[in-house]
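Produce the complete structure using the sequences and hints provided.
So the protein lines, in turn, are chains A, B, C, D and E.
First residue of the first sequence? That's 1 in the working numbering, and the numbers climb one at a time after it.
First residue of the second sequence? That's 1 in the working numbering, and the numbers climb one at a time after it.
First residue of the third sequence? That's 1 in the working numbering, and the numbers climb one at a time after it.
First residue of the fourth sequence? That's 1 in the working numbering, and the numbers climb one at a time after it.
First residue of the fifth sequence? That's 1 in the working numbering, and the numbers climb one at a time after it.
Rather than coming from a laboratory, the hints here were simulated on the basis of the structure.
Hints are not guaranteed to be accurate.
Chain C regions said to be covered by chain E (calculated; three or more residues, Cβ under 8 Å) [stated by the list, open to error]: (1) 4–17; (2) 29–42; (3) 287–295.
All residues carry an ideal CB built from backbone N, CA and C; glycine is no exception.
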Amino acid sequence: MRLLHTLLRNVASGPVTRRYPKVPLVPVAGARGDLRLLVDRCTFCTACAVRCPAGALEVDRKARTWTFNPYRCIYCHYCVEICPFHALEMAPLGREPAAAKATVTETGAAPVPSPSRGTGAASPA
Amino acid sequence: MKPFLDRVAAFCRGKSVWVLHYDCGSCNGCDIEVMASLTPLYDAERFGVLLVGSPRQADVLLVTGTVNHRNRLVLRSLYDQMAPPKAVVAVGACALTGGIFHDSYNVLDGADRVVPVTVYVPGCPPKPERILDGILQAAAVLAAGGDGSGGDHMAGAGGPAAGGGGGRGGRVAAGGDHGAPGGA
Amino acid sequence: MAERMVIPFGPQHPSLVEPIHMQLEVEGDTVLGVRPAFGFVHRGLEKLAEKRDWRQNVYLVERTCGICSFIHSLGYCLALEELLGVEVPPRADLLRVMWGELHRIQSHYLWLGLLADAVGFESLFMQTWRNRERVLDLNELTAGNRIVVSMCRVGGTARDLDAEMLDRVEATLDAAESEFGPVEHTFREDGGIARRLVGLGRITREEALGLGAVGPVLRATGEASDSRLLGYAGYGRLQVAPVTQAGGDAYARLLVRLGEIRQSMALLRQVLPLLRQEPGETLVPVRKDPTAGEALSRVEQPRGELIYYVRATGGKLLDRVRIRTPTFANLPALVHMVPGNEIGQVPALVLSIDPCVSCTER
Amino acid sequence: MIWVLCWLLSLPVAGFLMGVDRRLTARLQGRVGPPLWQSIWDAGKLLGKPALRPAPRQALWAAGYLGFLGLAVACLLGGADLVLVVLLLGMATASLAVAGFIGPSPFSQLGAQRQLFLGLIYEPVLLLLALGVQRVTGGWTFAGASLPLLYRLPLFLPGLLVALLAAWRKSPFDLASSEHAHQELVAGLATEMGGRVLGLVELGHWWEMELLLLLAASLGYPSLGWALGLALAFFLLGILLDNLLPRLTWRYLWPLGWALGLGGGLLNLIWLGVSR
Amino acid sequence: MRGWFRDVRGLVLAIAAPLVAAALASLPLQRRARVGLALVTGAAVLAAVLLGTPTDLVLAPGAVQTVASLETVGDTALLLYIVWVAVDRRSWLAGLTAAANAALFAWITGQGMAHPTLVLHADPLARFFLIVIALVAPAIWAWAPYYHEHYRKVTPALREQPYYFWLFAIVGVMAALVTANDLMDLYLLWELTTLASFLLIDSPRSGEARAASVQALWMNGVGGAAFLAGVLVAGSLSLAQVGGLAAVLLAVAAAIKAAQLPFSRWLVGAMAAPGPVSALLHSSTMVKAGVYLALRLAPALHQGPGGPALAWLGALTFLGAAWLASGSRRTKEVLAYSTISNLGLMLAMAGIGTTAAVTAALALVLFHAVGKALLFLVAGGVEADLGSRDLEAAGGLIEVRPELGVLGIWGVVSLYMPPLGLLFAKWLAIEASAASLAVYALLAVGSGLTGFFWTKVLGRFACAAAAPEPEGAARLPRAAYYPLRYLAALVAAGSVALLPITTLLLDPVTGAKAPAMGVWYAALLTAAALGALTYVLLARRRSPRALPYASGIEAEETPGALGRFRSSADQPAVAALAGFYPSAAWEAASERVFLLAGALSLVGMVVIAL
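And the structure:
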């Protein structure tokens with residue numbers, strides 16, 4: 001009858017449900033979410049692309065592009081840990097669902113690091 | 001009368017989403033998050049989402065896991081057994097692109113090589129909230145009169161033609177269109 | 001004429017969380033025979049581990065199974081550390097115990113919930129999984145992900161926990177322990193659950209040993225076998241007494257797992273003060289690649305003994321990674337148990353070995 | 001002619017009750033639960049969806065299930081003979097079982113077989129109840145009762161509860177169609193049903209539950225308070241038991257159901273005979 | 001023309017036409033000739049009982065004496081033949097019963113009781129039974145030649161002449177039996193039905209058939225002895241004057257003829273006989289002789305303890321046979337048990353004996369005769385086409401033989417589902433038993449079991465997946481379906497015309513108005529018709545036919561075949577389907593329990609009457 005007690009207490013104390021769409025997600029500090037490139041720090045050294053276990057990153061040293069496939073990323077944090085320039089970070093929340101898969105490409109402005117941060121351009125290919 | 005009834009049915013489709021979950025070769029991470037989305041803290045039933053066992057009763061096919069060559073046929077069969085209008089939600093990196101397993105000999109890089117995917121839910125695994133988002137997006141597509149099977153030119157993609165050839169290790173350039181890159 | 005029904009049970013079947021296929025031969029509603037078939041979750045993981053370098057493999061092997069991911073990476077790291085001759089900092093060992101036991105708790109919670117569901121006890125499933133969320137939230141808080149914590153590295157752990165974090169772990173543990181009471185009580189005392197499980201899939205200790213069963217399946221027959229007694233990671237410093245039962249049936253397995261949740265909580269209680277008292281490093285950097293050689297590690301997964309075998313020939317890539325998972329060891333016992341039961345009991349029976357197909361097929 | 005109105009309203013009311021059931025169940029489990037109208041939306045969606053089915057004649061029998069139940073409810077509301085109501089209910093469950101037997105999947109067959117066991121468990125009990133009413137009122141309807149029937153037929157309550165749980169597919173009697181997810185039967189006899197066919201079965205299911213609630217309420221006749229109280233009590237008890245009990249197998253439930261239902265009913269009837 | 005039937009000549013025609021036809025049928029005829037003979041004889045009998053109003057046959061005392069001496073000679077010959085059979089088969093049970101019969105017969109003859117001058121009486125009860133027989137028999141006669149072409153192949157030992165002879169003759173015997181008033185005439189006819197049963201069950205000459213035929217012989221011999229004992233006790237040879245203990249003893253004879261517990265086995269064994277025999281003798285007409293006698297005795301039984309005892313025995317049989325039918329694996333065995341079960345219900349109603357009860361019994365006789373004949377013809381069709389008597393062989397019948405499947409489903413539906421007539425009868429019966437808690441409870445549980453096994457049979461017929469046809473599967477010619485269609489139409493017509501039938505046929509028997517359930521029934525019928533109409537209007541859209549669900553590993557197949565799936569190593573496997581059957585041990589144990597309960601009840605019945 002302990003279960004009966006628990007069930008009735010559930011009714012009395014109201015649902016514990018997190019009313020998600022109404023109440024937005026609260027990011028947890030340190031959680032591993034969507035990967036972002038701080039493009040002004042990036043030297044396009046390809047370290048991340050080489051190490052990524054899932055092959056979700058591609059860096060073109062010549063064209064100075066960093067291409068990220070968020071739909072292949074396994075959120076393991078490895079790239080962030082090994083980036084020698086701390087140019088990668090993870091947002092505490094994951095990417096939202098979408099109707100189409102798209103890659104994220106960041107382009108470095110010029111060989112000399114520019115002061116402005118590049119805007120992430122989503123490119124539905 | 002008929003347009004009115006159609007509008008009613010469309011409204012109900014958006015409010016009542018019965019989901020068939022198929023673990024297409026997942027590590028269980030996404031599966032238990034799908035299950036968790038039914039539990040009190042997330043309570044998918046708030047939105048009329050119900051997990052059903054038989055594909056004939058389902059409106060949404062929720063795929064988790066790498067689609068391997070044995071499961072490819074199963075996935076296609078389940079999809080074909082669902083009555084239209086229907087939608088497919090792919091959950092987790094493996095079902096989206098093969099994830100960390102994308103270049104294995106036995107893995108197709110993405111469920112969309114076998115069935116047309118309506119919504120992609122990224123994550124490894126995605127949080128239950130994100131899974132709910134994905135299901136509701138699919139429900140919205142159904143309510144708007146859409147049918148995930150629209151443009152399904154992949155019938156028979158479960159056949160040998162869909163061998164996990166393309167997309168090895170390289171960039172996932174193609175996305176959006178429901179047709180699989182190199183599928184049909 | 002056919003009086004036997006042939007039932008394709010799975011791969012898509014609501015009572016199966018994972019895709020396997022069992023061809024059941026049924027007369028009336030009694031199962032006469034079972035022919036299992038696999039290959040629905042095979043991802044070629046071991047072959048892939050020869051393609052990735054040994055550091056990337058940590059992330060690969062923890063995706064062998066999402067339920068006990070940490071323990072997979074732990075097993076792999078232990079093997080590599082032996083191969084590399086790396087000494088892991090003691091604090092990292094304790095943290096590994098902590099995450100390992102958190103995984104065990106959530107895995108057993110998960111199993112309890114699935115069992116409740118398999119006997120049609122929906123409210124108990126909900127209650128169990130609701131309690132499980134506490135552990136998952138704690139995972140997210142301490143490691144950044146609810147399921148795949150990715151905290152094990154060759155040479156230690158990726159993160160350290162500060163005092164405030166340890167307090168929050170302890171607070172969660174307090175809450176989890178008190179919440180577990182009613183659930184545990186229901187599982188132990190409910191007549192309906194006992195009616196469904198007592199005597200179901202009973203095997204003797206000799207049979208279990210002969211069939212090579214491991215983990216709770218073996219312990220439920222009275223055999224005190226637990227790899228944690230080997231003292232890997234921090235277990236050597238802790239008191240670990242295997243939880244055993246004599247019944248040998250599905251009910252005994254349930255009791256073992258209930259006991260192990262309590263046991264894991266007690267282990268956490270032992271670990272937390274040590275973590276408070278002993279600050280220190282958690283990761284030693286490893287810069288060289290392994291030289292030629294082989295290593296083997298044995299760790300206790302929630303489902304039983306997990307074995308990692310690693311062979312290197314020098315260089316970044318490993319020559320062979322072999323994983324012997326506990327479910328693989330328990331399958332002969334399952335095939336032995338199924339015939340003769342009512343078809344309605346099959347889900348509970350299959351579940352009673354806590355099968356993990358993704359581990360088994362890799 | 002007020003009963004015609006009642007009959008017209010009975011289906012939406014039953015759908016609403018199903019929604020209440022799901023909501024209450026959710027609250028017991030600490031969840032928010034679906035909107036109260038959820039079951040009606042479900043039915044709306046199902047009826048608006050074509051059925052992709054391997055069994056061409058299933059719809060006919062699903063319609064039979066719904067039709068017989070509609071007739072049974074109409075007969076009960078219209079004050080017809082109780083035996084007729086019970087026989088119609090029996091035919092409804094038989095139609096449902098046939099619909100299941102048509103399905104070419106083994107799961108469908110097993111589910112249909114269990115549906116037969118369910119029917120076998122509770123139909124005789126309800127027939128006995130009809131005799132009880134006849135012994136008290138002198139007729140085969142409730143109309144002749146001067147005191148609430150419950151006073152004379154208390155031992156029928158367990159049997160009625162068994163019947164309600166069976167008709168409502170609640171634990172421990174959820175044998176045939178796996179209302180509880182993750183069961184061995186996929187969706188039991190409804191495995192091969194989808195879309196409109198399943199919609200018909202859902203509607204029938206509402207009515208079946210409601211019919212049993214109405215029968216329970218009738219034991220309170222002629223006191224409206226007793227009637228409403230009994231219906232409410234059975235409704236809540238059904239939900240609570242569903243959440244408190246696991247699902248059991250028919251080998252155990254059959255004797256249990258007959259012991260509670262037939263045993264209680266016979267004892268009550270013997271007591272009536274002796275006291276007279 | 002009509003005038004010709006308007007008196008006793010109608011009655012004589014009804015009795016004589018089948019006998020004449022029987023003589024003709026003994027000749028080696030072509031199939032076409034046999035069908036023609038069936039149709040002509042059927043038309044004659046039907047015309048005799050439907051067009052006119054047969055009247056009683058009263059003879060002068062002298063003529064009565066002639067008839068009586070003929071009857072004595074016949075009886076003596078018959079008993080001698082049975083004794084010879086007993087010796088030939090070395091069956092001491094058959095010998096013992098035959099000896100008992102002979103002794104009792106000699107005793108009665110020695111008493112020299114006066115024979116009544118009323119030889120044949122065509123009262124409403126007799127006329128009702130005549131109509132039922134006349135409606136059903138022609139269909140079976142006309143079907144028999146088609147079935148026979150199959151049967152001849154599997155049973156080379158079958159001797160056709162006696163087989164056809166008795167198939168026709170038994171209808172004449174039955175017509176005489178339901179009208180005979182002289183008890184000794186009745187006994188002769190009674191024993192003739194026993195003899196016909198014996199000979200026809202024996203006709204396949206297989207080991208199973210031989211054992212079953214002797215069993216039928218000795219069990220019916222016990223019935224005959226009870227009959228003669230009743231006559232002895234009665235002290236009079238007029239059926240109309242029987243009462244008290246004599247009525248109970250005659251009721252025992254009736255119960256045995258109707259295969260009530262514990263004598264149910266003879267009818268189950270009788271299923272060894274060919275299809276038309278099962279249909280005509282062992283379900284729709286001949287075994288109803290027991291019901292007829294019980295109904296005839298109902299007023300007399302009603303006055304003593306015999307009525308309630310018979311009601312209990314019938315109700316027990318209703319339950320027990322339904323229970324055993326639920327577990328049976330053979331189509332004809334299920335049908336046999338369901339026949340026994342229904343006969344039990346009819347006898348229970350006769351035992352209760354109120355207006356409602358008798359009305360219920362009569363309605364049961366009518367609808368059961370038609371529906372069960374249809375089902376036996378379907379079972380015979382399955383046997384002829386697919387070569388099996390197993391219920392599982394009929395799984396998915398509607399896919400393999402669509403027309404046979406539809407007819408079979410209709411036959412089953414007619415036996416338990418509204419708005420068809422039998423349900424009306426069952427409803428009446430249940431309510432008529434309200435006075436006795438025990439009988440009511442037995443009927444309640446039995447009713448649940450009836451639904452159980454009929455739905456199971458229905459489900460096997462209607463299943464949308466069938467195993468591939470066996471080697472050597474055949475097809476009955478299209479013409480063979482006409483008798484089945486006729487019976488199916490008869491069920492529908494009878495149900496629609498239930499109210500007029502009640503007024504015209506049933507009410508005259510009871511002499512009172514049947515309980516006013518007809519209004520509800522008419523409402524039900526209308527509602528069902530409206531529902532069916534709505535369905536037909538709405539269900540025009542055909543949706544595509546999908547593969548049978550096999551947990552996601554469905555393999556391609558042809559519609560209507562059993563589902564196939566890709567099993568291990570991608571080998572296709574078949575998802576075989578089967579009904580649920582308890583173990584043979586369980587069946588045997590429950591049969592023993594019911595046989596024992598039946599034996600106790602039967603003994604109790606006689607003891608109470610004493």
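Here is what the structure says about each hint:
For a cut-off of 8 Å, the count of residues in the segment 4–17 of chain C with a CB near a CB of chain E stands at 10, and the three-residue condition holds. Counting residues of the segment 29–42 of chain C whose beta carbon lies closer than 8 Å to any beta carbon of chain E gives 4, which reaches the threshold of three, so the coverage claim holds. Coverage of the segment 287–295 of chain C by chain E is violated. Counting CB-CB distances below 8 Å, 0 residues qualify, and the rule asks for three or more.
In summary, the structure is inconsistent with hint 3 from the numbered list given earlier, while agreeing with all the others.
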